[in-house]
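Spelled out from the first residue to the last, the chains are:
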Amino acid sequence: MKRVPGCIEALLVLAGWLLGARALAADDPDVPRLLTRVTVEAAAYTLAEAAEALSKQTGLRIEPEPYLRERLVVVSLRQTPARDALVALCEANGWAWRRVEQGVYRIGRRAPAGSGLKGVALRYQAAIPLDLRLLAGFERSSVTAAEAAREGGPNSLVSFGRLGVHKGLIQAVQADLAALGRSLGDRIAAGGTIPVRELDERQLRWTLLAVVAYHLGRTPEQLPRGEVYPYEADLRLLGIRLKGNLLEFGTEGPDGTFAGFGGPVPGLPEPGPPSQRDR
Amino acid sequence: MVILLSVLLAAALRVPTLDFLRDGPQGARRENEVTLRAAAVDLPGALRLLSEKAGVSAVTDGPSARERADLDVSGTLRDALKAIGDAFDLDAGLTREGVAVFRKRFADPATRPQMHLPELRQMAREITHLLKPLRSSDDPEAVRVGREALARSFTAGQVERLIAGDRLTVADLDPQQTALVQRIVTDHAVAGAYLECRNLLRALEGFDTAFIESAGASTSGGRRTVHLHVRLPGAWPQGLIVPLGPVALEGAAPEAKR
Numbered sequence: 001m002k003r004v005p006g007c008i009e010a011l012l013v014l015a016g017w018l019l020g021a022r023a024l025a026a027d028d029p030d031v032p033r034l035l036t037r038v039t040v041e042a043a044a045y046t047l048a049e050a051a052e053a054l055s056k057q058t059g060l061r062i063e064p065e066p067y068l069r070e071r072l073v074v075v076s077l078r079q080t081p082a083r084d085a086l087v088a089l090c091e092a093n094g095w096a097w098r099r100v101e102q103g104v105y106r107i108g109r110r111a112p113a114g115s116g117l118k119g120v121a122l123r124y125q126a127a128i129p130l131d132l133r134l135l136a137g138f139e140r141s142s143v144t145a146a147e148a149a150r151e152g153g154p155n156s157l158v159s160f161g162r163l164g165v166h167k168g169l170i171q172a173v174q175a176d177l178a179a180l181g182r183s184l185g186d187r188i189a190a191g192g193t194i195p196v197r198e199l200d201e202r203q204l205r206w207t208l209l210a211v212v213a214y215h216l217g218r219t220p221e222q223l224p225r226g227e228v229y230p231y232e233a234d235l236r237l238l239g240i241r242l243k244g245n246l247l248e249f250g251t252e253g254p255d256g257t258f259a260g261f262g263g264p265v266p267g268l269p270e271p272g273p274p275s276q277r278d279r
Numbered sequence: 001m002v003i004l005l006s007v008l009l010a011a012a013l014r015v016p017t018l019d020f021l022r023d024g025p026q027g028a029r030r031e032n033e034v035t036l037r038a039a040a041v042d043l044p045g046a047l048r049l050l051s052e053k054a055g056v057s058a059v060t061d062g063p064s065a066r067e068r069a070d071l072d073v074s075g076t077l078r079d080a081l082k083a084i085g086d087a088f089d090l091d092a093g094l095t096r097e098g099v100a101v102f103r104k105r106f107a108d109p110a111t112r113p114q115m116h117l118p119e120l121r122q123m124a125r126e127i128t129h130l131l132k133p134l135r136s137s138d139d140p141e142a143v144r145v146g147r148e149a150l151a152r153s154f155t156a157g158q159v160e161r162l163i164a165g166d167r168l169t170v171a172d173l174d175p176q177q178t179a180l181v182q183r184i185v186t187d188h189a190v191a192g193a194y195l196e197c198r199n200l201l202r203a204l205e206g207f208d209t210a211f212i213e214s215a216g217a218s219t220s221g222g223r224r225t226v227h228l229h230v231r232l233p234g235a236w237p238q239g240l241i242v243p244l245g246p247v248a249l250e251g252a253a254p255e256a257k258r
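In order, the protein sequence lines correspond to chains G and E.
For the first sequence, position 102 matches number 102 in my numbering, and the numbering has no gaps at all.
For the second sequence, position 115 matches number 115 in my numbering, and the numbering has no gaps at all.
If you are wondering where the hints come from, they were derived from the structure by calculation, not from laboratory data.
Keep in mind that this is a model prediction, so the values were computed, not measured.
Just so it is clear, CB atoms sit at the ideal spot from N, CA and C, and this is done for glycine as well.
Wrong hints could be hidden among the right ones.
[Stated by the list, open to error] Example chain G residues on the side facing chain E (calculated, C-beta under 7 Å, incomplete):
1. D84
2. A88
3. A92
4. A96
5. W97
6. R98
7. G103
8. V104
9. P129
10. I170
11. P195
12. H215
13. R236
14. G239
15. I240
16. V265
[Said to hold, decoys possible] Beyond 12 Å from chain E on every Cβ pair, some chain G residues (computed):
17. E52
18. K56
19. E63
20. V87
21. D186
22. R187
23. D255
Turn these sequences into a full structure, and let the hints steer you where they fit.
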């Protein structure tokens, strides 16, 4: 018998697999339920409430991950397939929905795939709530993209050291601290102590933003001038040089400057006079 | 091949693949005339109006900083979405299935993320978990140790080039040295971020029992300023301190005693 070429064989296997998958999808009792048209009166809901409304109308169990249960969404659904509503909810918030088992679906964070440090950076970014990413400039909204580009732009690939280097986040923290000070009045006079549990919802939000920004954020002034982060770059572009007794790792910028990080190494002789490349 | 498989499988199963701000559903509805008129309407009210007048369902990423706004627009669906977005500082788009999606735009300085504590804890947990295994060891001196190991591994020729002011690239290194450089770069990238995230996680996990405290009152130009911090009671003598920043106190500073 004449042998079928490998690529055609692979395509035939694929076609069979896809047809099988289609048949499976058609037999899946979840499919018609996901296509049930749902109506939810326009209002602000916790995600748990919105998911419960979808669950009741579809007969499915749709539930948020525990950390998202109390997060607020504003929803207005009119005779919309439940699947489309789920897609839109996730799209608005940077979430994903997945099937846990037949009849059970869960809404949670997106977990992008990727290998190496770039993959880690993508997952790092995805772990941050979408609205915080938008404020910090890690994610571009359509409207602010043009403005951000003029400012040097948010990084498409977040660099750990540069988290929060965005004037929007810094300005927000400064404004919130001022508002916190005004709202707490004399209670924050020198030596004042206020339990966090006594704060109202707004004061809590202001404080949380400042705490997160302190750990993940950096003002441009806090970053070493001109520092680049070689882990963003291809390792093949990395250079190693000796300067004094410092062994430095970095990349050459477009202006010829060498920027990176390094430290002393004992035992290596001092280098000679700097070459022309060391500016 | 993997990409081809994924695309074909997605097409076969009709998995929705969406980009924010797509052109929306194919069909005439998008081009139909929509009129939205309302005074001092809140965001749910605006979405209700959109659903009634344009037959479009809508979701947002949460309440808007602007509680109420006036709407007066007559145009395409896209015009209507933009009008709602402008009114409530939201970016607007349509999913492929035709559901309107709004996200915070942050053009208004008053707009803030929700800062939902359980979600922030999850964020800190995930990032800490993500970064921890990337470090070559728990040793905070790992970068120094790696750097010194690399220096010891240099051949006489490599040392000569460095001393002459030349730069070595990865192409000049043997595989073991390349692996060492990769480790140094990763440790440098991750170590600081890991410690920050671990402290953030501690701060968020203990947030309910924390205190806001002020210290370091100073007076400048007739204004009093205190420095705020969050203190979390804990195993340390003073607990974990998270500095927040300076805050001006209302009212003029008391006159200094002569």
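* To do: Check each numbered hint against the structure and report the violated ones by number, ascending.
  => Structure breaks hints 4, 5, 6, 7, 8, 10, 20, 21 and 22.
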